[in-house]
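Q: For the protein sequence lines, the chains are A and V, in the order given. Going by the working numbering, the letters in the first sequence line up with residues 90 to 587, in that order. Going by the working numbering, the letters in the second sequence line up with residues 90 to 587, in that order.
Careful, some of the hints might be misleading.
The list treats identical chains as interchangeable, and a pair is accepted whether it falls inside one copy or across any two copies.
[Said to hold, decoys possible] Restricting the straight-line Cα-Cα distance to at most 27 Å, the calculated cross-link-like pairs of lysine-lysine (DSSO-like) are:
no.: 1; residue 1: LYS461; residue 2: LYS314
no.: 2; residue 1: LYS379; residue 2: LYS186
no.: 3; residue 1: LYS186; residue 2: LYS383
no.: 4; residue 1: LYS149; residue 2: LYS133
no.: 5; residue 1: LYS461; residue 2: LYS311
Since the hints were made in silico from the structure, they are not lab data. Predicted model, so just to flag it, every value in this text is computed and none were measured.
Each chain is listed here by its residues.
There are 2 protein chains.
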Amino acid sequence: MLTLKNLPISSFNENLAYIHKDCIAYKVDDLSTLTKIEIHGGVKSVYAFLQVVDDARLVKPTELALNNEAFKQINLPEGANISITLSPPPPSLSSIKRKIAGNILSSGEYSAIINDIYARRYSNMDIASFLVASGSFMSTPEVLALTEAMVGDKTIHWDNESIVVDHHCLGGIPGNKTDLIITSIVAAYGLPIPKTAARSLTSCAGVADTMSVLANVDYDEKKLKQLINENRGAIVCYDGLSIAEANKIISSVERQIGITQQEHITASILAIKLAAGITHLLVDIPVGPKSRIKSTNEAMRLRKLIEYVGDMLSIEIDAVITDGSEPIGNGVGAVLEARDVMKVLRNKDDAPQDLKEKSLFLAGRILEFDPKLRGGQGYLVAKEILNSGRALEVMNRMIHAQGKAPQPQLGHLTRDIVSNVSGTVEAIDNSRINKIGIWAGAGQYAGAGLDLFKKVGDHVEQGETLYRIHSCNSTDFAFANSVVDGYTGYEISSRSSY
Amino acid sequence: MLTLKNLPISSFNENLAYIHKDCIAYKVDDLSTLTKIEIHGGVKSVYAFLQVVDDARLVKPTELALNNEAFKQINLPEGANISITLSPPPPSLSSIKRKIAGNILSSGEYSAIINDIYARRYSNMDIASFLVASGSFMSTPEVLALTEAMVGDKTIHWDNESIVVDHHCLGGIPGNKTDLIITSIVAAYGLPIPKTAARSLTSCAGVADTMSVLANVDYDEKKLKQLINENRGAIVCYDGLSIAEANKIISSVERQIGITQQEHITASILAIKLAAGITHLLVDIPVGPKSRIKSTNEAMRLRKLIEYVGDMLSIEIDAVITDGSEPIGNGVGAVLEARDVMKVLRNKDDAPQDLKEKSLFLAGRILEFDPKLRGGQGYLVAKEILNSGRALEVMNRMIHAQGKAPQPQLGHLTRDIVSNVSGTVEAIDNSRINKIGIWAGAGQYAGAGLDLFKKVGDHVEQGETLYRIHSCNSTDFAFANSVVDGYTGYEISSRSSY
Chain A
90 MLTLKNLPIS
100 SFNENLAYIH
110 KDCIAYKVDD
120 LSTLTKIEIH
130 GGVKSVYAFL
140 QVVDDARLVK
150 PTELALNNEA
160 FKQINLPEGA
170 NISITLSPPP
180 PSLSSIKRKI
190 AGNILSSGEY
200 SAIINDIYAR
210 RYSNMDIASF
220 LVASGSFMST
230 PEVLALTEAM
240 VGDKTIHWDN
250 ESIVVDHHCL
260 GGIPGNKTDL
270 IITSIVAAYG
280 LPIPKTAARS
290 LTSCAGVADT
300 MSVLANVDYD
310 EKKLKQLINE
320 NRGAIVCYDG
330 LSIAEANKII
340 SSVERQIGIT
350 QQEHITASIL
360 AIKLAAGITH
370 LLVDIPVGPK
380 SRIKSTNEAM
390 RLRKLIEYVG
400 DMLSIEIDAV
410 ITDGSEPIGN
420 GVGAVLEARD
430 VMKVLRNKDD
440 APQDLKEKSL
450 FLAGRILEFD
460 PKLRGGQGYL
470 VAKEILNSGR
480 ALEVMNRMIH
490 AQGKAPQPQL
500 GHLTRDIVSN
510 VSGTVEAIDN
520 SRINKIGIWA
530 GAGQYAGAGL
540 DLFKKVGDHV
550 EQGETLYRIH
560 SCNSTDFAFA
570 NSVVDGYTGY
580 EISSRSSY
Chain V
90 MLTLKNLPIS
100 SFNENLAYIH
110 KDCIAYKVDD
120 LSTLTKIEIH
130 GGVKSVYAFL
140 QVVDDARLVK
150 PTELALNNEA
160 FKQINLPEGA
170 NISITLSPPP
180 PSLSSIKRKI
190 AGNILSSGEY
200 SAIINDIYAR
210 RYSNMDIASF
220 LVASGSFMST
230 PEVLALTEAM
240 VGDKTIHWDN
250 ESIVVDHHCL
260 GGIPGNKTDL
270 IITSIVAAYG
280 LPIPKTAARS
290 LTSCAGVADT
300 MSVLANVDYD
310 EKKLKQLINE
320 NRGAIVCYDG
330 LSIAEANKII
340 SSVERQIGIT
350 QQEHITASIL
360 AIKLAAGITH
370 LLVDIPVGPK
380 SRIKSTNEAM
390 RLRKLIEYVG
400 DMLSIEIDAV
410 ITDGSEPIGN
420 GVGAVLEARD
430 VMKVLRNKDD
440 APQDLKEKSL
450 FLAGRILEFD
460 PKLRGGQGYL
470 VAKEILNSGR
480 ALEVMNRMIH
490 AQGKAPQPQL
500 GHLTRDIVSN
510 VSGTVEAIDN
520 SRINKIGIWA
530 GAGQYAGAGL
540 DLFKKVGDHV
550 EQGETLYRIH
560 SCNSTDFAFA
570 NSVVDGYTGY
580 EISSRSSY
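Bound-form chain A, shown alone (with noise of 0.2 Å):
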């Protein structure tokens, strides 16, 4: 029996157990290597890894620490009696060595993984293994399989919908923050649409982060089915969300090994969708020669996948593939993305167009969801609603409903990267485009990010500004100058002599 207690240490979704090295109840001497025990006294046993610790003030020998993670899970008050055991490492770790050999495993071990996962029995380096050796290559089947298992027991049920929509875009396009304008439109117009935003995962913005400018994102069930009745609309952080767990914990990994492959966001984002109780959903797949997806081929084939799954696990799914060759908007970054979302709302004239223009193509195929819509409307109806001012209404409402964000500034260190010719804007890089945003701290930053002055097919004059970059810290600004220079990420054909 060991005493319980707590040492305020958050280690970023991995449950850590602290025990002195002389532990009453663990011989700790023959420890080599990362050990997993079992934690037992509260209503549930929790799995933690074991730190050894040197130093009585920090955690007694009769006592054992758990970090901010596990104590929360323990859910037990410090001075609480648990014991502990040594935990085997679980059986399904052999599907991953399956996987690695080349084998397609069946949806009893995708079930097994997942649970585990959502249990705390893999390390982060056992989920970093498992991602990796799915990655690699994935069978249609599988990617149900996983998909339904990450679904997990907690939905959302809409009682008295009979549709309810959203939308998710396959990213990889700088400033691409439709969502905020689709939401506003298509619950103006009447659909239910609580949208599941994530945080940026790889990408300078998520959607999560953008609302978050904006209004606050963490509500819980209860608070996204008040929104939804107040407003039709509502934009939260899936992360508040008790729904699709062993999601959230694979996801952290991702975000930390900095992998992610079509599969496992494909199974992620339909297992989100599935558990918040989505019964149509538009699927924006962007394709560009510098955009996650690369050639139509590889788009029409993720297509189909994602159909795939939807049929089988009884989602409605129109995927849409569009033309993601440079940025959308001006800005790529949270702060600078809100602005543009803002502008389009407000009907300005300086609002980005295209924004503006996928925006309505996109609420358009969602409004034809509703079959009291006459087929071809649906564009037509989103541009009245925006055009309108209803939009912008919904969004004002739901801004006030989730309750206004104390606005971030943007990041007052700023530089602007010239043109060394004259000519024209040939192509812009999204993956470099991005990559200076998060070296610049877009991603970590709401403030920080890239403001474009110049897209595809502007003339520009040598001496002028194609971007400027914004940072929140001189850390991020001295990084993303160190290395901008290299290849701003911009293609300008220069004006012929003659």
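For this one, chain A is given, so just place chain V on it according to the hints.
A: Chain V only, in chain A's frame:
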């Protein structure tokens, strides 16, 4: 500027840095993922992963605390002034993504990966990703490149020796501790054999574990040279030598995720032996249906791979394929294996004959590396050395020189596994025997393991003991007991009735 502190926490090979949530040098608010920092102030900067602390007694806002691993590396006293910067992901991580996508990596890429691992720029998750990504497929030149990168800068030079020999078994066979016998014979003959042995990775006992039962094995290069000068032979643990350091970090992750691919083992073994200054290496590749290497084809492929890498890196390789169809000797686990070894060296009547014969065969092959020896005489010379007691004499001198170990006790919790039929032992499942041993605590406790009373071909009566389980603590014992009944690992043909 922050003040350095040590939090005496051991985290199994990962560098962790603890900062207060109100740290004066770093804004913690937006931390949502594992963040890597570079710590400046020591001779060279040290990389570590941030953990955020909400208790000024652990770390003040003006301090940075390091765990034992990182504190040892920065090599500064507590109270020293240090500064931190955010560390961007190392560029070599992009090679891992290329590997997942099925590409062949260049030697420059392997070199960059290994350098970054050595500098602790990789998290354990990143290393796991590398192992899984490369584990699914590596070309022969890639194994060469990985080996070369892992040799590192520091190597041991044996100035007055033209031949320096060693032996390595590619494992998977329980009880196979020929190394201690071979080393004694070869050293008695006069060839220098500085054996760099490993602790158990996935087996019940590594060579270093078994030698630890008899003598201390933790010595540095200087002491190793002195030991070889004295006795021509020594068996030390590679962990204590400052060679092939990146491989130690990789092995630690391999051990934790339980994934060991042949290509990695090949690179690891050859890198260690090259760094140890070995000029002639005998590699034993045991083949059996329940061994790590299951077919002669697979063994042949591995032999060619090892020969290729050896040839390119100028180490003379003699790779032999041996019978791995059942455990070697009777003991499985360090204490029991050491007992078997000493019985062979003492020419006891009850010494396991298979262990003796295999040791003589392999020792003979090593002796044949000596140009002065007439071809085909190796085995006979080895046998003469063993029979005459000269091998035992050398072992006793090695034990004396390395320092006698405090002899660990054989596990006192025992259970006899008996046969439920009369008949003949047809097969023993190596991997099952290994697993039962591990569950009983072997690999972690020297005294745990299995004592095999029956081998393949032996007659057994119903109720007669097949093997005895030894455990050192009740947790392991209970666990081994709960699983062994499912499948004992023995296949017995029952006596026919006519």
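Q: Please go over all the hints and tell whether each is borne out by the structure.
A: Consistency of the hints with the structure:
no.	hint	verdict
1	LYS461 <-> LYS314	within (24 Å within a copy, 87 Å between copies)
2	LYS379 <-> LYS186	between (34 Å within a copy, 16 Å between copies)
3	LYS186 <-> LYS383	between (31 Å within a copy, 16 Å between copies)
4	LYS149 <-> LYS133	within (24 Å within a copy, 34 Å between copies)
5	LYS461 <-> LYS311	neither (29 Å within a copy, 85 Å between copies)
The structure fails hint 5 only (numbered hints given earlier).
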